[in-house]
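2 protein chains.
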Amino acid sequence: MDELEQVEARIRSSLNRKESLLTEICLHVIGAGGKRIRPGVALLSFKAVGGKKDQKIVNLAASFELIHSATLIHDDINDLGEIRRGREAAYKKYGVQKALIAGDFLFVRSFRLGGTWDTQVVQIVADAATAIAESEILQSSHEFDPSVSQKVCEKIIEGKTAKIIEAAAMVGSYLGKGSEDQVQMLGAYGLNLGMAFQIVDDILDIDGSESQLGKSKGVDFIDGKPTLPLMFAMEDPRSGERLAEMFIRREKTKRQVEEALRLVKKTDAIVRSFEAAEGFKSKALKNLNGLPDSIFKESLAHLAEMVVARRK
Amino acid sequence: MDELEQVEARIRSSLNRKESLLTEICLHVIGAGGKRIRPGVALLSFKAVGGKKDQKIVNLAASFELIHSATLIHDDINDLGEIRRGREAAYKKYGVQKALIAGDFLFVRSFRLGGTWDTQVVQIVADAATAIAESEILQSSHEFDPSVSQKVCEKIIEGKTAKIIEAAAMVGSYLGKGSEDQVQMLGAYGLNLGMAFQIVDDILDIDGSESQLGKSKGVDFIDGKPTLPLMFAMEDPRSGERLAEMFIRREKTKRQVEEALRLVKKTDAIVRSFEAAEGFKSKALKNLNGLPDSIFKESLAHLAEMVVARRK
Numbered sequence: 001m002d003e004l005e006q007v008e009a010r011i012r013s014s015l016n017r018k019e020s021l022l023t024e025i026c027l028h029v030i031g032a033g034g035k036r037i038r039p040g041v042a043l044l045s046f047k048a049v050g051g052k053k054d055q056k057i058v059n060l061a062a063s064f065e066l067i068h069s070a071t072l073i074h075d076d077i078n079d080l081g082e083i084r085r086g087r088e089a090a091y092k093k094y095g096v097q098k099a100l101i102a103g104d105f106l107f108v109r110s111f112r113l114g115g116t117w118d119t120q121v122v123q124i125v126a127d128a129a130t131a132i133a134e135s136e137i138l139q140s141s142h143e144f145d146p147s148v149s150q151k152v153c154e155k156i157i158e159g160k161t162a163k164i165i166e167a168a169a170m171v172g173s174y175l176g177k178g179s180e181d182q183v184q185m186l187g188a189y190g191l192n193l194g195m196a197f198q199i200v201d202d203i204l205d206i207d208g209s210e211s212q213l214g215k216s217k218g219v220d221f222i223d224g225k226p227t228l229p230l231m232f233a234m235e236d237p238r239s240g241e242r243l244a245e246m247f248i249r250r251e252k253t254k255r256q257v258e259e260a261l262r263l264v265k266k267t268d269a270i271v272r273s274f275e276a277a278e279g280f281k282s283k284a285l286k287n288l289n290g291l292p293d294s295i296f297k298e299s300l301a302h303l304a305e306m307v308v309a310r311r312k
Numbered sequence: 001m002d003e004l005e006q007v008e009a010r011i012r013s014s015l016n017r018k019e020s021l022l023t024e025i026c027l028h029v030i031g032a033g034g035k036r037i038r039p040g041v042a043l044l045s046f047k048a049v050g051g052k053k054d055q056k057i058v059n060l061a062a063s064f065e066l067i068h069s070a071t072l073i074h075d076d077i078n079d080l081g082e083i084r085r086g087r088e089a090a091y092k093k094y095g096v097q098k099a100l101i102a103g104d105f106l107f108v109r110s111f112r113l114g115g116t117w118d119t120q121v122v123q124i125v126a127d128a129a130t131a132i133a134e135s136e137i138l139q140s141s142h143e144f145d146p147s148v149s150q151k152v153c154e155k156i157i158e159g160k161t162a163k164i165i166e167a168a169a170m171v172g173s174y175l176g177k178g179s180e181d182q183v184q185m186l187g188a189y190g191l192n193l194g195m196a197f198q199i200v201d202d203i204l205d206i207d208g209s210e211s212q213l214g215k216s217k218g219v220d221f222i223d224g225k226p227t228l229p230l231m232f233a234m235e236d237p238r239s240g241e242r243l244a245e246m247f248i249r250r251e252k253t254k255r256q257v258e259e260a261l262r263l264v265k266k267t268d269a270i271v272r273s274f275e276a277a278e279g280f281k282s283k284a285l286k287n288l289n290g291l292p293d294s295i296f297k298e299s300l301a302h303l304a305e306m307v308v309a310r311r312k
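Going down the list, the protein sequences come from chains A and B.
Residue 312 is where the first sequence ends in my numbering, and the numbering goes up by one at each step.
Residue 312 is where the second sequence ends in my numbering, and the numbering goes up by one at each step.
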């Protein structure tokens, strides 16, 4: 799909500024790759409802990646994540001050790209971006809380990841002139895809390889961040209590973290989490039923399969 | 002007969300007052060209204050500013993590308000917001640099403060259906007003009272941030060299800072800086010449006078 290349070019042209250090920091993060799920979903949703070539969808897809990258840079500052997309985190390489500003710069540049959208699109995107901030606050209010509920865990995932993918699918299909029904169904697809994606990401934080993740492992446990697999593991009748005790410690040695991850893997938490992810994936696939057959619909289905198939 | 009250109401309604901690953090900063120069300039420029009551201008004015507040919260994280608008800085009260997210939330909410603007307006606002980020980077590249030029100092001020006030004046008059000439002249007014405002702010950091400032004093000197008065002082034939030596120290005691500020005040730096501010003020007043007489034009002129009249 040559639009994806156009999106990359648009991202780069958006960031190309005189104060080249800002450009450099942003490209350090964006140029490192990443799965481009948000722009991909936006473009595929656009095409799947019959959207024809259009500069707007390229801008839109690019702006989703800019927002996403802004949140990654700011997240790493907040979580002290050391590795991102296989590279040193921006704040480690350039300092907190400059990384913070680079994130702001990305928000503003994505806003500028949004100048060509209509009110409804802006509101959907902005509300999804708002949900990211709200979910961060919700997550931090449950930090080191071993008795967090499945409902809260899912609400965190929804705001952090699923809502913005929902928005990408909705506005992609909206710009592609999909019917109201198609926009709603693709939105639901995006939401379910995002849920599945984030659950698998949280599994990989326990069970994945760092090279696959492109970031450090075990960080959720270290930071006391409730995720679905950690929550399931702390429900385990045998190891749950011990894990909870370890989870709530503010300081954890490398050895303790390794021991904890081993314990988690002995419970049914990974299996239960994959089941949950599979459940969201199945819903996502069903959400595609109403679309006419096309290679774009197939790609959306394939994406849902891939997201859950990621394993070490 | 009852629009200013509407702006306050719009700011509050934009921030009113379920995750009430975000609302609380933002209102801690926004509710503490502040001079509301950006919304004020936007509204007055709108009215000065004959703009009639319109929801768009209220949204626009509110969004300028949201962007400004976002940068204040993030600035304080970066500069370790302890007091803001007479209150404890957000990051001190709520922690860096939550303050960082609250700033992002403000950016996004301002973006959402922008959904009702046209492309040109979005681009002017986004470019001005971009200039803020770029100016921060420029400033940080000259940190602890005693030989910074007047040109660079003015470029920093321009990006940090003047460009966004220029944007407020331009888009205010644009939405008010001013002529192209009026939009340009009011833009120039905003730019010059912003330059004068920031220079006086930088003077007050040396020569003001903390209660007037609503923030700590001497922070530019402590942080090694080049400002016009500090640059002028370091040019002083008698004390310049000694000041430069003190300026470049990464660690400064309270006593050293007090001594430095006393030294600065003995030079002609304050007078020269006020002259520079007066120069920009005069230009700003001239930029208003082409406008029809009205209480709004008078208020804009009055604002320029007030900005320079601020003294301890």
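What the hints contain is simulated information worked out from the structure, not anything from laboratory work.
Fair warning: there could be bad hints in the mix.
The list treats identical chains as interchangeable, and a pair is accepted whether it falls inside one copy or across any two copies.
[What the hints assert, rightly or not] With a Cα cut of at most 27 Å, we get these calculated DSS-like pairs of lysine-lysine:
hint: 1; residue 1: Lys-155; residue 2: Lys-18
hint: 2; residue 1: Lys-52; residue 2: Lys-177
hint: 3; residue 1: Lys-92; residue 2: Lys-217
hint: 4; residue 1: Lys-252; residue 2: Lys-92
hint: 5; residue 1: Lys-297; residue 2: Lys-92
hint: 6; residue 1: Lys-18; residue 2: Lys-151
hint: 7; residue 1: Lys-297; residue 2: Lys-35
hint: 8; residue 1: Lys-254; residue 2: Lys-18
hint: 9; residue 1: Lys-297; residue 2: Lys-177
hint: 10; residue 1: Lys-93; residue 2: Lys-283
hint: 11; residue 1: Lys-177; residue 2: Lys-93
hint: 12; residue 1: Lys-254; residue 2: Lys-297
Inset, instruction - Run the structure past the numbered hints and jot down the numbers of the failing ones, going up. - result: Hints 5, 8, 10, 11 and 12 are the ones this structure does not satisfy, whereas the remaining hints hold.
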